[in-house]
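Based on the sequences and whatever the hints tell you, model everything.
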Amino acid sequence: MSVRDENIIEVEGLTKAFGDFKAVNEISFVVKRGEIFGFLGANGAGKTTAMKMLIGISTPTSGKAKVAGFDVFTSAEDIKKNIGYMSQKFALYDDLTVRENITFFGGIYGLKRQQIKNKSNQLIEELGLEDVKNQLVGSLPLGWKQKISFSVAMLHEPKIVFLDEPTGGVDPITRRQFWEMIYKAADEGTTIFVTTHYMDEAEYCNRVSIMVNGKIEALDTPQKLKEQFKADNMNDVFLKLARG
Amino acid sequence: MKKFIGFIKKEFYHIFRDRRSLFILFGMPIAQIMLFGFAITNEINNVNVVVLDLSKDVSTNTIVNKISASSYFTVTQLLESQNEVESIFKKGKVKAVIVFEKDFDQQMRNAGIAKIQLLTDATDPNTANTINNYITSITQNYAKEINQDIQLPFQIVPESRMVFNPEIKSVFMFVPGVMTIILMLVSAMMTSISITKEKELGTMEILLVSPLKPYQVIIGKVIPYVFLSIINALVIILLSIFIFKMPVQGSFFLLGLESVLFIITSLSLGILISTMSKTQQTAMMISLMGLMLPVILLSGFIFPINSMPLPLQVISNIIPAKWFIIIIKGVMLKGVGLLYLWKETLILLGMTVFFILLSIRKYKIRLE
Amino acid sequence: MNTIRYIIQKEFKQIFRNKGMLPLIFVLPLIQLIILSNAATFEIKNIKVGYVDFDHSSTSDGLMDKFTASTYFQVKDQFPSQQLANSAMLNGDIDVIITIPSHFERDLLKEQKVNLGLQINAIDGAAAGVTNFYIQQVVSTYNNAIRAELIQGNLPSEMLPKNLLTIPSFWYNETLNYKTFMVPGILVLIVTMITLFLSGMNIVREKEIGTLEQINVTPIKKHQFIIGKLFPFVLIGLLLLTIGLVISKVIFSIPINGSILLMYGYTIIYILVILGIGLFISNFTDTQQQAMFISWFFVVIFILMSGLFTPIESMPKWAQVLTDFNPIKYFVEVMRMVMLKGSSFQDILPQIIKTSIYAILMNGLAVWSYKKTV
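Residue numbers (the UniProt record's numbering), protein chains in the order written: chain A, 1 to 244; chain B, 1 to 368; chain C, 1 to 374.
Worth flagging that the hints you see were computed from the coordinates, not collected in a lab. Small disclaimer: the values here were computed from a predicted structure and weren't measured. Treat the hints loosely; a few may be bogus.
Simulated pairs of lysine-lysine, DSS-like, Cα-Cα distance not exceeding 27 Å [stated by the list, open to error]: (1) B:K56 <-> C:K162; (2) A:K89 <-> C:K221; (3) C:K222 <-> A:K112; (4) A:K89 <-> C:K372; (5) B:K199 <-> A:K89; (6) C:K354 <-> B:K93; (7) B:K199 <-> C:K207; (8) C:K162 <-> A:K81.
Here are some chain A residues the structure puts well away from chain C; computed CB gaps all over 10 Å [said to hold, decoys possible]: (9) K80; (10) K89; (11) K133.
Quick reminder that beta carbons are idealized off the backbone N, C-alpha and C, glycines included.
Printed below as a string of structure tokens:
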């Protein structure tokens, strides 16, 4: 793994308020280039809201954040050129085939026709989608859909890829394969920013942060967190934090 | 039963939480009935006409004055030559050109007959025909004045009485139609969409594996819309009574019952549509494209059914809106009761039962 | 530009893949055009007449024969009493009651003047007016014939009434054929409804199923997205127009007097207005249900206030001002002007200018209201 000493995400005092309610309350952290950064928290802790600010589809109320060197307030569209995103809800077109989905997203990311062709052939091969490449996405099982979503997010070779609970609802084997894909991407130098429910997955990350009620309560490597909270595994760390 | 009530409550919450839809649901029918009640009329008013007077004598002057004095016409211009007619019609503002022949007055007094040429833009044949009727009436009246000293022998004088709508208000014709179209589309569209939505989002399966029986699920989804539509109907009836001064000659109670019946007919049609469609889009296209034009055109709302070609008169019988319009006009304007409306009422009842039975059949096939 | 092409491609694939929708877009509306154009007529005929004859004379029989002979009337029944006739009117079996009083013939001869009772169902006021006009015509024709017979020759010259003869000449539509009037109008409605409903549901559907979020994290420009969305619908609208024109020509023999090119040119601008409205609604709403409801609301208002079925000149002034904001009004005007009157570019220039401004405004709003952030 090639984590470099270079900040690719810098967040300082980032806040998102809906009326009086602060969904994200002055969070600060940095993510290094090439890192797998786990973004943990219970449901409703503010993970997704925070992520949406970083990918430029939600404007923060206050604070500062830079993603891939661009300011989230002023250069959201520049950020979008440099990131990939996979939402927790399956968000590709059910009524298009695997290949058509890839072609479409390649197209709107501005890839050249030849590039799209090469890239989608490569992806289809890597993911073992050869048999289903001309099937409608809607007819595929969830595990496949998620792999395709991930590959679409990686299509334009982004510097950072944001994954919002990418493995929700799939079987352990598929999850394993999925994490292999993540590792491979990270090996090739892509920064991974991932939220998850599964605490065993947290162990795969270089560093994790744990959000409780809109604030980041802990942030370190899994090893150090376990030492700090005197726990055997990440699950216990999480429970200790979440129960306050 | 308790579960069922809980389910209905949930459905109510769903609807009432969506303020925007609620606003649309109540605000739009009111806005529509107000707008149409005041604005739409198939009468003609202030139609622009121009005059080409080749005679310019006492008689033509008097007739032109009578024409401009009537509320039907506005005389916008006096032409000098017939060559201008073509270009005037092409611009589209002027609907008729009235041409008085040379020596009009003299012709009338000496030869006993004078000619008026009436050129109308008949791209709208209705307006053209009505203009023709009214101009003819005005000139006939003038002839009567001229002839008043002459006592014709053996006269038959028709004495017309306009019944049910003595003041000839367009509103009487259009309010029942607008009310019908609103109730029909709101009820059919809302139910078909709300049921299809559950199918599309996959929540229908969850409901069907719950202890609720399938018919309870459907009834539970429909009941809130029954209530909303009843309130809508009530508001529309009150508006037509207090704003448009529509009378309710017959029983208010009967009017209410018939409205409820029609609402249920429309809702059952909505259920039927939902059994036929997989996505909300399909449901909407069927209820909008499939219902809107037939309801506007074939129900007698605007166009008289009597004048249609026979096959269309037959087809119009399957439009529930046609029967409801007859019922509303009967109760409100004619003041009749079930004695006269039992046939229409039975037809609506029959249609409702038919829609429901058909839905149940389609539904079963789907589940098996 | 390339980006836009990919969106267009995707939209087309989705539209043509939805087998349930295709017939609803292309078949149902055209069937409606063919069938419903026959329904839209204000022509008054087959007026259902009942009568009560208290005289039973040859004069009263002769009068009713005239009604039977007229194509406007359909003489249903003779009723023995006024009550029964009234009841038939309440029932809806008849719309006109003619009451011939007793001693009708005797009084006509003796008193020189006799009244004839008429009751006309006036719920449809305009139709009642026309009905009344037709009845008066029948009665006066019959009256003149009887008089000539009774006098047996000519009236003395001082008794000769002065006549005014109105000679109508119906331009562009000599036979007062309603289809000539309605088919272009209903075609307008169909093009409008399909393009509005499809575009109105489009973006909000992507919102509902979540794909819009995936689009929003891409660097796509707002106007690229909107243009890509517009294009397929413009084509669908033009396709519908083409099929509709062929139908009007082949089935209804409606003349196309003006320039077809002009018609298509205007239609493109018009469809852009409708699509702009549709996409604006779509951006502004959260669910397809809301979007549909709002589109429905506007369509009903646009249709009924367009001058398609009822004349705009007859509306109160304030309502006429409102119709200036109704795009359907302009389209109906242009179609009728170009198709039936052969109006030229110059003639419809005002409509073109207003529609173009509308198009720019609505599509500006559509781009503006499409927010890539939540």
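Evaluation of the provided hints:
1. B:K56 <-> C:K162: OK: K56 of chain B and K162 of chain C at ~19 Å, within 27 Å.
2. A:K89 <-> C:K221: With Cα atoms ~24 Å apart, K89 of chain A and K221 of chain C stay inside 27 Å; holds.
3. C:K222 <-> A:K112: holds, 20 Å
4. A:K89 <-> C:K372: holds, 18 Å
5. B:K199 <-> A:K89: Holds, at roughly 18 Å.
6. C:K354 <-> B:K93: It holds: about 16 Å lies between the C-alpha atoms, which stays within 27 Å.
7. B:K199 <-> C:K207: holds, 18 Å
8. C:K162 <-> A:K81: Roughly 88 Å separates the two Cα atoms, so the pair is violated.
9. K80: Given that some Cβ of chain C is not farther than 10 Å from that of K80 of chain A, nearest at about 4 Å, it is violated.
10. K89: violated, 4 Å
11. K133: The assertion about K133 of chain A holds, with a minimum of 15 Å to chain C.
Going down the numbered hints, you'll see the structure goes against 8, 9 and 10, while the others check out.
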